[in-house]
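> Residue numbers (full-length UniProt numbering), protein chains in the order written: chain Z, 1 to 300; chain P, 1 to 187.
No lab work stands behind these hints, which were simulated from the structure alone.
Hints may be right or wrong, so weigh each one.
One side of the interface only, derived from the structure: several residues of chain P facing chain Z at Cβ under 10 Å [what the hints assert, rightly or not]:
#, residue
1, G10
2, T23
3, S26
4, K29
5, K32
6, G33
7, A35
8, L36
9, R40
10, N57
11, P126
12, N127
13, F128
Positions of the beta carbon are idealized from the N, C-alpha and C atoms, including for glycine.
What follows is the residue order along each chain.
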Amino acid sequence: MIPLHGLHLRAVLIQALRTFFIDRGYLEVDTPIRIPAPAPEAYIEPITSEGWFLQTSPELCMKRLLAAGIPRIFQLCKCFRKGERGDRHLPEFTMLEWYAAGSNYRDQMTDCEALLRHLALAIGKGGVLEWQGCRIDLGPEWERLTVAEGFRRYAPCTVEEALRKDQFDELLVEYVEPHLGMTTPTFLYDYPAVLGALARLSPTDPSVAERFELYVAGLELANGFSELVDPVEQRARFLTEQETIRLLGRDPGPMPERFLDGLELMPPAAGIALGVERLVMLFAGAEQIDQVVSFTPEGL
Amino acid sequence: MYSASDFRKGLKVQIDGEPYIMTDFSFSKPGKGQALYRARLRNMITGNAFEKTFRSNDKLEKAALEERTMQYLYKQGDEYFFMDNVSFEQLEMSKAQLGDAVNFLTDNMDVDVLQYNGRPIGVTLPNFVNLLVTQSDPWVKGDTSGSDSKPVTLETGYVVQVPPFIEEGDKLQIDTRTGVYVTRVKE
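All chains should be modelled from the sequences, with the hints used to inform the complete structure.
Now the structure itself:
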């Protein structure tokens, strides 16, 4: 059945998203979905297309645009991730991604606050979201919690122990996530350096990367970084990821060489990726991602 | 072998030599992290259940289950007797083993008997069965309770909510998966 409520709200939210960014001087861009080399990430598996790949995120192409001198860009596009299907996951989903030169991950957290408040106003919700029995106040200062503190508070062991025992993901999902964003949205930030992905390490504490995730009522909504602009370090991290992919029995694919070349010219910047379906779920009060898309893969 | 990405509700697997059915299943994946598959598994013999989280590379063995079509014959006390239509071999199952299925078994009905290592552990019924209404109170017109359904007793002793026009002697189609009334059938 086509979910009319979800689709209407989705259209309104997407219109409001565009207004938000255009009013702030961002250029809307549209990069290719089918690419020759995605970023090597151990646990994000791309879908192949005649030897190329459907993008898992528009990150690499958008950063090449920053390197080419466009300082503020945003994009709404489809992304594809193999094997991801659940109440909050679809193998084909919509991503909102935006980048600003000269900013860092703390500026992005502030932008997230402004964006969600703008959207709540646009659909006449006021400052309070209700989702899964939680009332989340968008008004006051949102909670900011480091990953280390999140584990200290909620998990049965420290984040260092969790990493050593290779249980970070399980403990995060089971013990930490259910507490995040229950009264105001929560920024979980300063991820362990090994989970830094494409984020730069903190200049004051190199054991952590300047990466954050935004949670609302336990729902993970967005992932942002102060971007790593050092091509040497980025290549080393990609090589580590490729090694893990090989250990998992998959083909790591080619290295994104043109992206690494472009990184040389990329200005300091911060970027963020936000799942549009999850955003609509939150505003629609929908429990399942199926309620906010026109068709699920099973319905095609 | 099933890998975690094959997991779904209703999957029958084997752990430590015992058959389990996956009664619940959810997928989660923290940002940039590993896919986690949370499954609730129920032992098909003892009924004991537990929850466990699996990663994509984890595997579970397929349960060594065999299904045979057999005819339900009769019950004696709490024991229900079935017969293989080809070999005429008979076997019995207890009320406890059959669970809700006892509400829908009528004499000579064909069912699929599930066997584990040659031992019967349950039956799969047709999705719909037709059952006779053996007892029904007349519905009083102008009933002020505002309810638009009433309970009737079927030939198996099962009590089901039906519309007011159903009477004793009617045959009803029942959905065995949900246990609810579907329609009145004419025979």
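> Among all the numbered hints in the text so far, which are the ones the structure does not match?
Hint check: 1, 2, 9, 11, 12 and 13 fail, others pass.
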